[in-house]
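Novice: So that you can map any letter, position 197 of the sequence shown is 197 in this note's numbering, and since no number is skipped, the others follow by simple counting.
Accuracy of the hints is not assured; some may be wrong.
Dumping the calculated DSSO-like pairs for lysine-lysine here, alpha-carbon to alpha-carbon at most 30 Å [what the hints assert, rightly or not]:
no., residue 1, residue 2
1, 156, 133
2, 274, 237
3, 227, 149
4, 286, 296
5, 286, 33
6, 286, 26
Hints are computed from structural coordinates only; laboratory data are not their basis.
Quantities reported herein were computed from a predicted structural model and do not represent experimental measurements.
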Amino acid sequence: MKPFGRLLDFDDALAIVLNAVVPVDKTESVSFKTLFGRVLAEDLRAIMSIPPFSRAAMDGYAVIAEDTFGAGRRSPKSLRVVDQIFAGDAPLVTTEKGEAVQIATGAPMPAGADAVVMVEETERIDEQVNIFKAVYPGANIGQVGEDVKQGEIILKQGNPFDAGKIGVLASQGFTEASVFIKPRIAIMPTGEEIAPAGQALKPGQIYDINSHTLAAVVGSNGGEPVKMPIAEDKPEKLRVAIEQALENDMVVISGGSSVGERDLMFSILEDLGKVLFHGIQVKPGKPTMFAVINGKPVLGMPGYPTSCLINGHVLLAPAVRKMARLPVEAKQPTEAMLAQSVPGSVGRRQFLPVKLVAGQALPLFKESGAITATAEADGYLDIPANIDILEKGETVRVFLFNG
């Protein structure tokens, strides 16, 4: 059994992974139904101005501004009401001097009118309306193209679609958009000690956890998880399973990277490609390994559920995001007061799950195999390798899992 080589600093390991992964370049057209979170593959230009017509910005009366000059509370201007326009109506009359048209917010302006008097500044008496405040030309009107002008770029390539950007797309009457495909990430569990959900457990077996947690990490960071069958810890079967998984854009292997199994996995990956590192100076996640085979990144994750999931958040997620053309930068942390003292892991950077309770960060001290630690956690502390202890009451930064 070979010992780990020099343990790599986490930042160096992450840099190696990010340098090895390549953003996807294939595109597809998708509808609004599946557009949220997808990345736009081309600049989009407006095919129409928004608003496409001049419209009332307030409920009130469309008027010729000059007819209101000199109006005041003591000396109102009286105009004849000749029509009423609601949003969605087409104006049927042309406003003449001395006339007004009652108008609703968003309704198109009638020809001839060049301003809107707010309803609060008027008094309706039968077919007449008294105007108590003068308006200038253009007052309370949304002009053609005030928001968007025809031909201008409304969304740039590389923008991830959120609710607001989908709204911009809908404002132009588009029903779909060209987006980059999601990178396909093969998730390959290994070991006879795990069984798929729904299958009866044999003595000594547990159910596969990592496939599902890693799939959630991949899916929430712009990738398409592809769950592979559980691979047996036998050289030929592992090799075949890895080769099949390499039909995807990236392979993530859970298990097979710790003492006793790591030599086998290392030798297979080294035979198929090149192992770039094996062992990171972190807790949890020390046995993590990374290889490149025929240009495809292969990430070997620890088998313990908490170790696997934490490393999924800090190492796998940034890689998937780069491949999906999403921003890679770390999530913005939130500050909290530490609810109890936490010993550091001197010499190893530590990612510790915490639960947020009333502004306090409560550390969840459980072993690497305890999935409940991350189930209860809202995020994690990133504790540097040179810290021997974080004292109760200290202000700490919490990186949220869903931040």
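Novice: Look at each hint and say if it fits the structure.
Specialist: Going through the hints against the structure:
As the CA atoms of residue 156 and residue 133 are separated by approximately 44 Å, the hinted pair breaks the 30 Å bound. Proposed proximity of residue 274 and residue 237 is supported: the alpha carbons are some 20 Å apart, at most 30 Å. With a C-alpha separation of about 46 Å, the suggested pairing of residue 227 with residue 149 is violated against the 30 Å cut-off. Our distance criterion of 30 Å between C-alpha atoms is met by residue 286 and residue 296, whose separation comes to about 22 Å.
Of the supplied pair hints, the one linking residue 286 and residue 33 is violated, its CA atoms being roughly 41 Å apart against a limit of 30 Å. For the given pair, residue 286 sits about 35 Å from residue 26 by alpha-carbon distance, which is inconsistent with the 30 Å threshold.
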